[in-house]
Amino acid sequence: MSIGARRLVVGAHYGLRDWLVQRATAVVLAIYLIALALLVVSSRPIDYDAWAGIFAPLGMKIATLIAFVALAYHAWIGMRDVWMDYVRSTAVRMVLQLATILWLAACLAWAVQILWRV
Amino acid sequence: MPQRRAIRNIGITDLVRYRLPVPGVLSILHRVSGVLMFVLLPWLLWLFDMSLRSEVGYQRLLQVAGGWSIRAILVVLAWAVLHHLVAGVRFLALDLDLGMTRPAARRSAWIVFAISLPLAAWVALIIFGVL
Numbered sequence: 001m002s003i004g005a006r007r008l009v010v011g012a013h014y015g016l017r018d019w020l021v022q023r024a025t026a027v028v029l030a031i032y033l034i035a036l037a038l039l040v041v042s043s044r045p046i047d048y049d050a051w052a053g054i055f056a057p058l059g060m061k062i063a064t065l066i067a068f069v070a071l072a073y074h075a076w077i078g079m080r081d082v083w084m085d086y087v088r089s090t091a092v093r094m095v096l097q098l099a100t101i102l103w104l105a106a107c108l109a110w111a112v113q114i115l116w117r118v
Numbered sequence: 001m002p003q004r005r006a007i008r009n010i011g012i013t014d015l016v017r018y019r020l021p022v023p024g025v026l027s028i029l030h031r032v033s034g035v036l037m038f039v040l041l042p043w044l045l046w047l048f049d050m051s052l053r054s055e056v057g058y059q060r061l062l063q064v065a066g067g068w069s070i071r072a073i074l075v076v077l078a079w080a081v082l083h084h085l086v087a088g089v090r091f092l093a094l095d096l097d098l099g100m101t102r103p104a105a106r107r108s109a110w111i112v113f114a115i116s117l118p119l120a121a122w123v124a125l126i127i128f129g130v131l
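For the protein sequence lines, the chains are A and B, in the order given.
Oh and the first sequence: position 39 is 39 in this note's numbering, straight run, nothing missing.
Oh and the second sequence: position 101 is 101 in this note's numbering, straight run, nothing missing.
Okay, chain A solo, but in the shape it has when bound (with noise of 0.2 Å):
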């Protein structure tokens, strides 16, 4: 499907670039993720000083949201060929897909808060 004459608005035309975000970010969510893992295994038994304090850092705020904007990023990637392979209907797709950039938009905006209320 086009809007106007020639714009083509279906497909994921986007060249290399989503396909090498959808990687880097795979491997800062690993690299983020291993590292938490091991944190959190080396700071048990696990209460809730120790587990704040794992978050209370700047350093590990910066690293986490950074995590967080991966993940936004990767999961949009995910889902966009989720229902590029699905969704038949255009019209259907392109809005499920902007209530899916709404939808990570406020899940980031929401770890924000978390973070840095800590």
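FYI, nobody ran anything at the bench for these hints, they're computed from the structure.
Just so you know, not all the hints are guaranteed correct.
[Claimed, not checked] Sample of chain A residues facing chain B (criterion: CB under 8 Å; computed from the structure):
| hint | residue |
| --- | --- |
| 1 | A26 |
| 2 | V28 |
| 3 | L33 |
| 4 | W51 |
| 5 | A52 |
| 6 | G53 |
| 7 | A75 |
| 8 | R80 |
| 9 | C107 |
| 10 | W110 |
| 11 | I114 |
| 12 | V118 |
[As the list claims (entries may be wrong)] Not the full set, but computed from the structure, chain A residues with beta-carbon under 7 Å of chain B:
| hint | residue |
| --- | --- |
| 13 | Y48 |
| 14 | A50 |
| 15 | I77 |
[What the hints assert, rightly or not] Label-pair restraints from in silico Cβ distances:
| hint | chain 1 | residue 1 | chain 2 | residue 2 | range |
| --- | --- | --- | --- | --- | --- |
| 16 | A | M94 | B | V130 | 46 to 52 Å |
| 17 | B | R5 | A | A106 | 21 to 27 Å |
| 18 | B | R102 | A | V27 | 24 to 30 Å |
| 19 | A | T90 | B | V16 | 29 to 35 Å |
| 20 | A | D49 | B | V35 | 32 to 38 Å |
| 21 | A | V82 | B | V56 | 34 to 40 Å |
| 22 | B | I12 | A | I62 | 41 to 47 Å |
Computed from a predicted model, the values in this text were never measured in an experiment.
Don't be surprised by glycine CBs; every beta carbon is placed ideally from N, CA and C.
We have chain A; now place chain B onto it with these hints.
Relative to chain A, chain B alone:
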């Protein structure tokens, strides 16, 4: 011109008897686990919020996570994260043209399950308080 056989997508009812090879099972589970995490993301953020908000919130989280149904969801989520992560590492290796032959791809798919399933079982034991 030789007549080519028409190739069509299989119907949704054929899915039950369609025997997917192990890398195919890994791949569709990668997608299923991804969608699952996307859907449950707000719920996870809610738990994350509760855990960090205060000592009281942390204790409330432990209470909430005490129920069997919540623990079951957490186990499924833990499996989703682990499968997505380990299978994702395999996909990154494939992107680098590593293990591209069919036997190698099947072997690496089995290895992914051999890593992710025991890890998920271990986390499940922790979640259910056995460990």
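Status of the hints after comparison with the structure:
A distance limit of 8 Å between C-beta atoms decides the matter here; for A26(A) the minimum to chain B is near 5 Å, and the interface restraint holds. For V28(A), the interface hint is violated, the least distance from its beta-carbon to any beta-carbon of chain B being 12 Å, above 8 Å. Hint status for L33(A): holds, given a least beta-carbon distance of 7 Å to chain B, under 8 Å. Given the 8 Å rule on beta carbons, the hint for W51(A) holds: about 6 Å separates it from the nearest Cβ of chain B.
Satisfaction of the interface hint for A52(A) is found here, the shortest Cβ-Cβ separation to chain B being roughly 6 Å, below the 8 Å cut-off. Annotation: interface hint on G53(A) violated; nearest CB of chain B at approximately 11 Å, more than 8 Å. A hinted interface residue such as A75(A) counts as satisfied when its beta carbon comes closer than 8 Å to some beta carbon of chain B; here the least separation is about 5 Å, so the hint holds. Interface hint at R80(A): violated, since its Cβ lies 11 Å from the closest Cβ of chain B, which is beyond the 8 Å cut-off.
Taking 8 Å as the C-beta cut-off, the interface hint given for C107(A) holds, the closest approach to chain B being about 6 Å. Proximity of W110(A) to chain B holds as hinted, the smallest CB-CB distance being about 5 Å (cut-off 8 Å). At a threshold of 8 Å, the smallest CB-CB gap from I114(A) to chain B is about 5 Å, leaving the interface hint in force. Given the 8 Å rule on beta carbons, the hint for V118(A) holds: about 5 Å separates it from the nearest Cβ of chain B.
Annotation: Y48(A) was flagged as interfacial toward chain B, and the flag holds, the nearest CB pair being 4 Å apart, inside 7 Å. Hint status for A50(A) relative to chain B: violated, with the closest Cβ pair at about 10 Å, above 7 Å. Here the hint on I77(A) is broken, as its CB sits about 10 Å from the closest CB of chain B, past 7 Å. Taken as a hint, the range 46 to 52 Å holds for the pair M94(A) and V130(B), whose Cβ atoms sit roughly 47 Å apart.
Roughly 48 Å separates the CB atoms of R5(B) and A106(A), a value that falls outside the hinted 21 to 27 Å. The supplied range of 24 to 30 Å is met by R102(B) and V27(A), whose beta-carbon atoms lie about 27 Å from each other. A hinted range of 29 to 35 Å holds for the C-beta pair T90(A) and V16(B), which are about 30 Å apart. Between D49(A) and V35(B) the C-beta distance comes to about 36 Å, which sits within the given range of 32 to 38 Å.
Checked against the hint of 34 to 40 Å, the C-beta distance between V82(A) and V56(B) comes to roughly 39 Å, which is consistent with it. Checked against the hint of 41 to 47 Å, the pair I12(B) and I62(A) passes, with Cβ atoms roughly 46 Å apart.
Checked against the numbered hints above, the structure violates hints 2, 6, 8, 14, 15, 17; every other hint is satisfied.
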